[in-house]
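> Sequence:
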Amino acid sequence: MPRDKTANYIKLMGAARQEFLECGFEKASMRSIGERCGLTAAGIYRHCRNKEDLFDQLVMPFVQRIDEWLNAHIARYVDAVNSGQKVTWSDSEVDMMREIIYPNMEDYHLLLSGSQGTKYENYLHDLTEQRQRELLNYLPMLRAEGYAVRDIDPKELHLLLTAYTTALFEPVMHNYSQKEALSCLETVEAFFLPGWKNLFGI
2 MPRDKTANYI KLMGAARQEF LECGFEKASM RSIGERCGLT AAGIYRHCRN
52 KEDLFDQLVM PFVQRIDEWL NAHIARYVDA VNSGQKVTWS DSEVDMMREI
102 IYPNMEDYHL LLSGSQGTKY ENYLHDLTEQ RQRELLNYLP MLRAEGYAVR
152 DIDPKELHLL LTAYTTALFE PVMHNYSQKE ALSCLETVEA FFLPGWKNLF
202 GI
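Residue numbers for the sequence shown follow our numbering, beginning at 2 and rising by one.
Keep in mind the hints are simulated off the structure, nothing from the lab. Predicted model, so just to flag it, every value in this text is computed and none were measured. Just so you know, even glycine gets a beta-carbon here, dropped at the ideal spot from N, CA and C. Be a bit skeptical, because a hint or two may be false.
As the list claims (entries may be wrong) - Have a look at the derived ranges for each label pair, beta carbon to beta carbon:
#	residue 1	residue 2	range
1	Val64	Glu23	18 to 24 Å
2	Phe192	Gly39	47 to 53 Å
3	Asn176	Thr7	30 to 36 Å
4	Ser84	Leu22	43 to 49 Å
5	Gly39	Ala164	45 to 51 Å
To be verified - Here are the computed lysine-lysine pairs in the DSBU-like style, where the Cα-Cα straight-line distance is at most 35 Å:
#	residue 1	residue 2
6	Lys52	Lys120
7	Lys120	Lys12
8	Lys12	Lys52
9	Lys198	Lys87
Turn these sequences into a full structure, and let the hints guide you.
Written out as structure tokens, the structure reads:
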């Protein structure tokens, strides 16, 4: 990739980020983005197909961070069951918030609050649905290994996961400072984790 193209791409992504943060996806203007970074329309469209593609390029790395963390998290628990190890509460989504979400609050505020009109506009709902499917597969594995897993209706599990996910991400939606977010996180952890442990029979 030529050096000037790399420099223009960096300028474009910086300008797009500010535009989407200030205006949200729907009200953001490609013309305004071009003015912010000094690129013509032709210059912009060398780097993206359209406004949604540009937004996708911005937020995809943020989504991938979550996917990678959760995939590793799930694998640790599944591997423990499959290898006959005692399952302990080694980490939870609380740790994900502490490690990758709250230190990058602006990134995830853009993903959650600026995405109306894109495929990410229901991101938290979609994430909850994904977590529900994973847990409904995992709970029978625990039960088969002798853990006192409580029976729970999928609708009830969805309700709990929605409340949990909303509580975790509420500081992101409302632009809390990192200090405020971490303080809230302690409350969420103290409230929800005993319930999850009880549900899982751990």
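> Can you name, in rising order, the numbers of the hints this structure does not satisfy?
none
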